[in-house]
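Letter by letter, the chains look like this.
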Amino acid sequence: MNLYRVLPAPPEVYDLASEEGQRDFLELSAAMGSESVRAIMVTNSAGDTVDDSGTSESLSRGADRKVLGLLRENADAVIVGASTIRSEPVPLPRTTPLVVLSASGNLHGHKLLSRGAPGERLVVASAPSHRESLAGALEGMPWELLPWDTEAPPEELQRVLKETSSSGHLLVEGGRKVWEFCAPITTELLIATIPPPRDSHEGIPPWWPGSPGNWELRSLFTDDAKMLYYRHEIAAAARPGA
Amino acid sequence: MSESALPPSLAAIREDFLALSVQDRLQLLLEFSDTLPVVPEELVDPDAWERVEECQSPVFITVDTTPAEVMVYASAPEESPTTRGFASILVQGLHGMNPQQVLAVPPDFPLQLGLQNAVSMLRLRGMSGMLWRIKRQVDEGLAELAATK
Numbered sequence: 001m002n003l004y005r006v007l008p009a010p011p012e013v014y015d016l017a018s019e020e021g022q023r024d025f026l027e028l029s030a031a032m033g034s035e036s037v038r039a040i041m042v043t044n045s046a047g048d049t050v051d052d053s054g055t056s057e058s059l060s061r062g063a064d065r066k067v068l069g070l071l072r073e074n075a076d077a078v079i080v081g082a083s084t085i086r087s088e089p090v091p092l093p094r095t096t097p098l099v100v101l102s103a104s105g106n107l108h109g110h111k112l113l114s115r116g117a118p119g120e121r122l123v124v125a126s127a128p129s130h131r132e133s134l135a136g137a138l139e140g141m142p143w144e145l146l147p148w149d150t151e152a153p154p155e156e157l158q159r160v161l162k163e164t165s166s167s168g169h170l171l172v173e174g175g176r177k178v179w180e181f182c183a184p185i186t187t188e189l190l191i192a193t194i195p196p197p198r199d200s201h202e203g204i205p206p207w208w209p210g211s212p213g214n215w216e217l218r219s220l221f222t223d224d225a226k227m228l229y230y231r232h233e234i235a236a237a238a239r240p241g242a
Numbered sequence: 243m244s245e246s247a248l249p250p251s252l253a254a255i256r257e258d259f260l261a262l263s264v265q266d267r268l269q270l271l272l273e274f275s276d277t278l279p280v281v282p283e284e285l286v287d288p289d290a291w292e293r294v295e296e297c298q299s300p301v302f303i304t305v306d307t308t309p310a311e312v313m314v315y316a317s318a319p320e321e322s323p324t325t326r327g328f329a330s331i332l333v334q335g336l337h338g339m340n341p342q343q344v345l346a347v348p349p350d351f352p353l354q355l356g357l358q359n360a361v362s363m364l365r366l367r368g369m370s371g372m373l374w375r376i377k378r379q380v381d382e383g384l385a386e387l388a389a390t391k
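Protein chains in written order, with this note's numbering: chain E, 1 to 242; chain R, 243 to 391.
Quick caveat, the hints were computed from the structure, so don't treat them as lab data.
Please note: incorrect hints may appear among the correct ones.
Here are the computed distance ranges between Cβ atoms for each label pair [unchecked claim]: (1) E:Ser53 / R:Leu345: 42 to 48 Å; (2) R:Arg293 / E:Gly210: 25 to 31 Å; (3) R:Asp287 / E:Pro118: 38 to 44 Å; (4) R:Ala346 / E:Ser58: 30 to 36 Å; (5) R:Leu262 / E:Asp15: 47 to 53 Å; (6) R:Ala310 / E:Ser58: 54 to 60 Å; (7) E:Gly210 / R:Leu285: 52 to 58 Å; (8) R:Leu345 / E:Gly210: 41 to 47 Å.
Stretch by stretch, here's where chain E covers chain R in the computed footprint (C-beta under 8 Å, at least three residues) [said to hold, decoys possible]: (9) 297–303; (10) 320–333.
Calculated from the model, a selection of chain R residues having no Cβ within reach of chain E, i.e. all distances over 12 Å [as the list claims (entries may be wrong)]: (11) Arg256; (12) Ala261; (13) Leu285; (14) His337.
Glycine is no exception: its CB is placed at the ideal position from the N, C-alpha and C atoms.
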């Protein structure tokens, strides 16, 4: 399973089936600075991030799941929304805390799965008043509440999320509602797509975080399925809190 | 479909699923995902792997057919636990069965596991694709055996 770097030059091949290839890819895509909020989007050409089933299943191909898996393993916390854990089975990552953002406190019908691995950790960021409802929905599954005021500014969400994190590297996997909260604090955006996503009016998809001019394309990859991977970083002047 | 159409191992797997709640069926699927048998390299010709095009994830299967026994092998990425779980069910349910038992598995077997409300039809169609390709390879294997007699 190869990932081919197109930019920056020179071209490079990463064999993601090998430890060496994984290490080299992770070094290249290492989070900038001491903290980051990285988001990964799988899209189609219209910029849609989910299909009719409410998941990205039919949009996924090539090496995207492998890339996602590598980024998960190397993040301090993985962030998803209630819609994600309701729409498809989500095993708890073996070594990385999974943070579920829930503004409503309703996680009934979730499809979270546990292997019972020692490194599994489920954290729900929600208002403390939702504790009882959450406990009912998550019965039989160890979890912890991360108190979060959904009305607070985005910087407060980042501060809260950092409590789950040793070095501040967070990975946002998606969900429409989650993206509303996380877009303002995102510092790195990895888009996996065939072909480049374009909105028919503005030239960018509606979920694009902030002004396109705030973002710099740092690297571009492709794979054997001709998937394209665009890795953008937010410009220093546009970083949250800058 | 009749009960007798399923090989005993596949029938037992189905019963295990149906005895559980939907949430626990997903948990069982994850356990299957974690126990997909590793394929020893020396056992399989690298060129023999067939891509299961119905799956979004890169899933490959290959089958060795003898008159008495079918050996089923599959490869599926760990990052796709649902699809990998389906591959594992078919490998663990069909490996070692005789060709006639494999060919008799009804095409709607994936729908008999009670997972329709838990995973998408896209994923279930992926499992149907695996089953169809396994059976087609068994058919081809039997034809080759007949031709070499």
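Checked hints:
1. E:Ser53 / R:Leu345: 42 to 48 Å: Between Ser53 of chain E and Leu345 of chain R, where Cβ atoms are some 31 Å apart, the hint is violated.
2. R:Arg293 / E:Gly210: 25 to 31 Å: 40 Å, violated
3. R:Asp287 / E:Pro118: 38 to 44 Å: 39 Å, holds
4. R:Ala346 / E:Ser58: 30 to 36 Å: 31 Å, holds
5. R:Leu262 / E:Asp15: 47 to 53 Å: 39 Å, violated
6. R:Ala310 / E:Ser58: 54 to 60 Å: 40 Å, violated
7. E:Gly210 / R:Leu285: 52 to 58 Å: Given a distance of about 53 Å, which is inside 52 to 58 Å, the answer is holds.
8. R:Leu345 / E:Gly210: 41 to 47 Å: 57 Å, violated
9. 297–303: holds (count 3)
10. 320–333: holds (count 5)
11. Arg256: For Arg256 of chain R, whose nearest Cβ neighbour in chain E is about 19 Å away, the distance exceeds 12 Å, so it holds.
12. Ala261: 18 Å, holds
13. Leu285: The claim holds: Leu285 of chain R sits with its nearest Cβ about 19 Å from chain E, beyond 12 Å.
14. His337: 24 Å, holds
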